[in-house]
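**Q** Starting from the given sequences, assemble the full structure and let the hints guide the process.
So you can see what is in the structure, the chains are spelled out below.
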Amino acid sequence: MNRDATFDLPATPGEWGWASLRTANHLRRRLQYPLLGIAGLLVLWWWGGWAIANNPDTMAFASFAPGPTLTAFWDIVSSGQVWSPIESSLHRVGFGLLYAILIGVPLGVMIGYFNVLRETTHVPFQFLRMISPLAWMPIAVLAFATWDAAIVFLIAIAAVWPITYATAHGVQRIDPMWLKVGNNLGANPYHTLRYIVMPAIAQDVFAGIRLAVGVAWIVLVPAEYLGVTSGLGYAINDARDTLEYDKLAAFVLVIGLIGYMLDAICVRLIRRSSYHAES
Amino acid sequence: MGAAISIDYITHHYPKQTDPTLQDIELTVSPGETIALIGQSGCGKSTLLHMLAGLLIPSEGAVRINGHQVIKPSPRWNMMFQKPSLYPWMTVRRNASLGLIFQGRQEGMNKRVDALLETVGLAEKAEVNVQSLSGGQQQRVALARSLATDPELLLLDEPFSALDAFTKTELQDEVVRLSRDRGITVVFVTHDIEEAVAMADRVVVMGSNPGTLQHQLKVDLPHPRDRTSPGFTELKAELMEFFGATRHPASRPEPTDDTSSSAEAPEADDPAASGSAPARRAIRAA
Ligand SMILES: Nc1ncnc2c1ncn2[C@@H]1O[C@H](COP(=O)(O)OP(=O)(O)O)[C@@H](O)[C@H]1O
Ligand SMILES: [Mg+2]
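So the protein sequences, as listed, match chains A and B.
Going by UniProt numbering, 172 is the number at position 172 of the first sequence; the sequence numbering is gapless.
Going by UniProt numbering, 269 is the number at position 269 of the second sequence; the sequence numbering is gapless.
Worth flagging that the hints you see were computed from the coordinates, not collected in a lab.
Check the hints yourself; a few may be wrong.
Claimed, not checked - Quick look at which bits of chain A chain B covers, simulated, 3 or more residues with Cβ under 8 Å:
(1) 182-196
(2) 218-227
(3) 269-277
Glycine included, each C-beta is placed from N, C-alpha and C at the ideal position.
**A** Right, here's the structure in full:
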């Protein structure tokens, strides 16, 4: 990555000018393609809205177009209406992920380490993994006292697999010499875990968490369609019931934005947890 | 104080193998002594070294260090490998401190490690990530890491074979100096006959299929050793002959193929051709 443009300390006003020009240039180069992509999406959206508005069968949904949606988006943000559903949803996703990490990481370490366990668990885990978490919904509702707990369970059960398998993959890639050297230096199992295994697999674990966040965020919305009276999924359902399609689309926008941000955080964590020397 | 080792009639079978990898190995090593193990690839040198380290238990017989049977690794005897195998997420200091951390000897650790890094010439690099070091520097860190816990015995499995000639010579001399200063017993495996003669008090030649001890040769040269002296070249030639005999029984010593120190052959055959030290090193480095 080219950082010099941003870190140079200019000495004179003239250099200042050059430096800011270089920064601007650098920014432009970095942003031009992402901005092009965003523009493309907006054009598609605008065209879709136009097509809906001009078809007599779908005219009723014309407020899905960018204009009404962005207006409604501004409304829910400026009135503060948007924060409470975001908070409820993040709360559920946060706890679901927390449980998934607490279960998935140790499980992954063991699966990666013990061949017997890996082979024993392969069929049942792949079987369970392929069942949509939403299929557990009725059972979850029976098993848990509150809807909230049921949703957290659904998120956890969806998020646990990517974390488990990414962790196991990381453990399998550990250089056996690292373990041998540690053993030779007198490491006990705690030392091995803390000083060797965890740093070695950190990047894989975060890569798994990134996948898990994606899955969790996707499962969250349909899970919130049922039972609960808070959260982004509920907000969407509510807007549909009251025929406020512009507001519905605004919440879809919010879901996308927050999902994007969560993913960006994960990408940062993955980068930071890498032990490879930056070059 | 260095460790006394006694290897008592070790015979070893790896699981699922009909022929033993090692047979009837018997050897005693006195405290502070430096032993070189040479023998062709696959004769069981690494296997034997792993047993000394407690990383592998022989199927028959036992290793005793200071009279105690070796059943597991201990910070009192330490093994170094061909690859430095440093932890790439740690600094030089952290890598070198690891044995002390594992032993819970954190007190005065930094001072100790500083002194050690000074000895191996890496004082300025203490806080850098090990990934930025050269191969030779990494092996120095591994050496510091091994010495940090004050081992009585150092086991080296071809530790310098991946290094260039200059770095190799430097590190050989350094290990000799450090182990003699501290009275550490050293057992090292090598393919390099010059390395064996340069470092060892005694060279043990192993034969293969099954791995056995074939010959022993005392190296009675004073330290620091002059690699161009007649005594040195003679011993090299003698060793070459032993070594050749294990490779091609009943034939003239004439190493030609693979991993062995073929570069050594002309020198060993013709001590007169040795020339001056810098010239020879330059040739080997080239
Ligand atoms: N873990 C193992 N399992 C089975 N056989 C092994 C194992 N390690 C080494 N061997 C065999 O034992 C013999 C000696 O190996 P090794 O001690 O590595 O030889 P050296 O270090 O002298 O080259 C070789 O034939 C090798 O194939
Ligand atoms: Mg070997």
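**Q** How does the coverage statement for the region 218-227 of chain A fare against chain B, requiring three or more residues with Cβ below 8 Å from a Cβ of that chain?
**A** violated (count 0)
**Q** Establish whether the coverage given for the region 182-196 of chain A by chain B is satisfied; the threshold is a Cβ-Cβ distance below 8 Å, and no fewer than three residues must meet it.
**A** holds (count 10)
**Q** Are at least 3 residues of the region 269-277 of chain A within less than 8 Å of chain B when you compare beta carbons?
**A** It holds: at least three residues are needed, and the region 269-277 of chain A offers 3 whose Cβ sits within less than 8 Å of chain B.
In summary, the one numbered hint that this structure violates is 2.
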